[in-house]
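As a plain string of letters, each chain reads:
2 protein chains.
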Amino acid sequence: MDVAEIYPADRVTVREVGLRDGLQLVKAFPSTRGKQRWIAEEHAAGVRHFEVGSFLPAARFPQFADVRDIVATVAALPDAHGIALAMNERGQDEALASGVPEIACVVSATEEHSLANARRPRQKAIEDIARLCALRDASAHRPIVHPAISMALGCSISGAVDPNEVLRLVAACFEAGADAVSIADTVGYAGPKQVGELTALAVKLGGGPITVHLHDTRGMGIANAAAALDAGARILDGSLGGLGGCPFAPGATGNVVFEDLVFLCESKGFSTGIDLPKLVSVREVLQSEMPGEPLHGALARAGLPGKAAAA
Amino acid sequence: MDVAEIYPADRVTVREVGLRDGLQLVKAFPSTRGKQRWIAEEHAAGVRHFEVGSFLPAARFPQFADVRDIVATVAALPDAHGIALAMNERGQDEALASGVPEIACVVSATEEHSLANARRPRQKAIEDIARLCALRDASAHRPIVHPAISMALGCSISGAVDPNEVLRLVAACFEAGADAVSIADTVGYAGPKQVGELTALAVKLGGGPITVHLHDTRGMGIANAAAALDAGARILDGSLGGLGGCPFAPGATGNVVFEDLVFLCESKGFSTGIDLPKLVSVREVLQSEMPGEPLHGALARAGLPGKAAAA
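Quick mapping for you: the protein sequence lines, in order, are chains A and B.
Last residue of the first sequence: 311 (my numbering), numbering continuous.
Last residue of the second sequence: 311 (my numbering), numbering continuous.
One or more of the hints may lead you astray.
Copies of the same chain look alike in the list, so a pair counts if it fits in one copy or across any two.
Said to hold, decoys possible - Pairs of lysine-lysine residues, derived as BS3-like cross-links and limited to a Cα-Cα distance of at most 27 Å, are as follows:
no., residue 1, residue 2
1, K193, K278
2, K193, K268
3, K268, K204
4, K204, K193
5, K278, K268
6, K204, K124
7, K193, K124
8, K27, K124
9, K27, K268
Keep in mind the hints are simulated off the structure, nothing from the lab.
Sequences and hints are given; from them, build the entire structure.
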C-alpha cells in the first residue's frame, strides 16, 4: 500500500471510525449485517475510509468478534479502504493475517497511561511498531502501519501533556517505520489553540502524514478539526452521529460527529466527495441497530442550509 | 455609556443572550422570578453582560412582558450591564425610557429579508438607527446603540449573502452613529472560513467594536466563534445550554452554547472572569423553569478536564 495513494496530500480525507472507536463503549452492538449496511450505505454516499474493528479477544470484546468479516466487507467495495486496530503483538499478527490494508496501533502519550492502560512502557509500544513494520515489509500486501499517540492533548491520568513528549513519540513512530501517525485527543481535553499548535509542529516534523483524531467530549470537536486543518493536517477521524463516548466522563459525547465534520471540510473549501444528505440518512441504520444509543450532531437536526445558500 | 469601558478592546466579552434570543422560540417561559435567579446566579459566576429582553407588544410576546423588571434586575447588580432589543421606533422609545444602558436593533443583510421580516427596506432600518442615536445623544444616560446585521452569513430567504453588502451595512450603521455593530449568523449557515473572513473585514473597517453573534444550527457554533476570535472580534454572544432554536429548522439547536463558548475562550488564553462549574450549575434554573425545553452543550455532560489538565 502506498500511503500517498490512500491519503493524497493535496486533499482532505475523512475516516469513519464509528465501527471501531464508536463501538468501544456502546451497550448494544450492531449485527454483522447491520455493520455491513452501515458501510455499504456510507460507501454509496462517498465515504472511502473505514476503521472496521479491533483485533481483541472476542470473549471480552464481542462487538469486534466479526472483525474479519468486516475487513472483507470493505475490501469488496470499490476504492474502499479498511483499517483495523491491533493493541498488542497477537493483535498485530492477526491483523496482518487478515489482509486488512491498514493496521492502527496505539502509543500512550504518557508513561503513566501506558502502564495503566496497556500494561507496558511506551518504549515497548514503539518496539511493537518496529516489529509490525518489519512484518509489513516481509508481507505481500504491505499494509499501512498507522500508530496513534493517545492522550496526546491531555491525559485522563496525568492531566496536562508536554507537547515535546508527543512530538518525540511521533518522531519515534516514524523512525520505527510507521507510514502515518495520528494525534489523538482521546478524552477531549483540548481547545483549538492547543490542537493547532501541536498539529503544526507534528506536520513540520516531516515524517509523514499526520492524522488528527478528535473527541467532542467538551464541545470543541469541530473547532479543533478546523484548527487541525488550518495547521496542515489532511486526515481527520469522526463517527456517524458522534457514536461513542468517553470512559472517563459517563454520558459525554464521543468522536467528533462525522457528518458535521464533512460539512466543516466542505465549508472550508475541502471537497470530500461525500454526499451529505445521503450520509445523514445512514443514521437510520445506527438507530435501528442500536435503538438505545444516543446519536449526536447538529446537521441531522437542522438539515443543510437552503439551496440558494449552498449555491 | 462609554463603549470602550463596557467592552474593553484588550479582552474578550461574552454576553448571555438567552433571556432574549433564547426565549424567542421556547414553548414555556420562565417566570420573572426565574429570570431573576438565572441572572443572579450567572452574575455570581462572573457573567456581566446580559441581553434581557425585547420591547415588543406584550400581547404577542408575553415572554418579554417583564422586560422593564429585568432591566432593573440587571441594573441592581454590581458591574452588570443590561441590553434590550428594540425592533422599531416605538420599541426604541420604550427602551430609551426604560433606562437600559444598551439598546440593540436589527438591520437585515438582504432587502428580501428586511421586507419580509420587518416590513421595511433596509434604508429605513438605518434611518431608525440614526434617529435612535440622536435620541441617545440628547439623553442623560446615553445608552450604547448596538445594531446587528441579521442573516449576515446566509439568509433564510435569499440564501448566500454578498459580504460586501454586509460590510456596506456595517459601515452605514457606524455612520449613523452606532457604538458597536454585530454580525449575526441568524440561521447558522456559515462555517469558520466564512465567519473569519467577514469578521476580519468588518474589524478592518475600524468603525468600532464588532460583535459576532452565532447560532449552532449546524454544529459550527464553537468553530465559528474560534474563527471570529482569530479574526479580531472581542465580543461574542451565547445562551446557557444553547437555549433557543431556529424558526426555519424545527428541532435545531439555538444560540452557541454559552458555557462551551466560555471554555473555548479560556482554552484560547482569553480570560473571561467566569467560573465555569458555577456557570454550568445555573442550567438547573432553566431546567426547573422550562422543564420541557431541551438544553444542549457538551461541557455540562462531560465536566471540565481533570484537575491536573486544568493546571
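| field | Non-conforming hints, listed in increasing numerical order | value | Violated hints: 7, 8, 9; rest satisfied.
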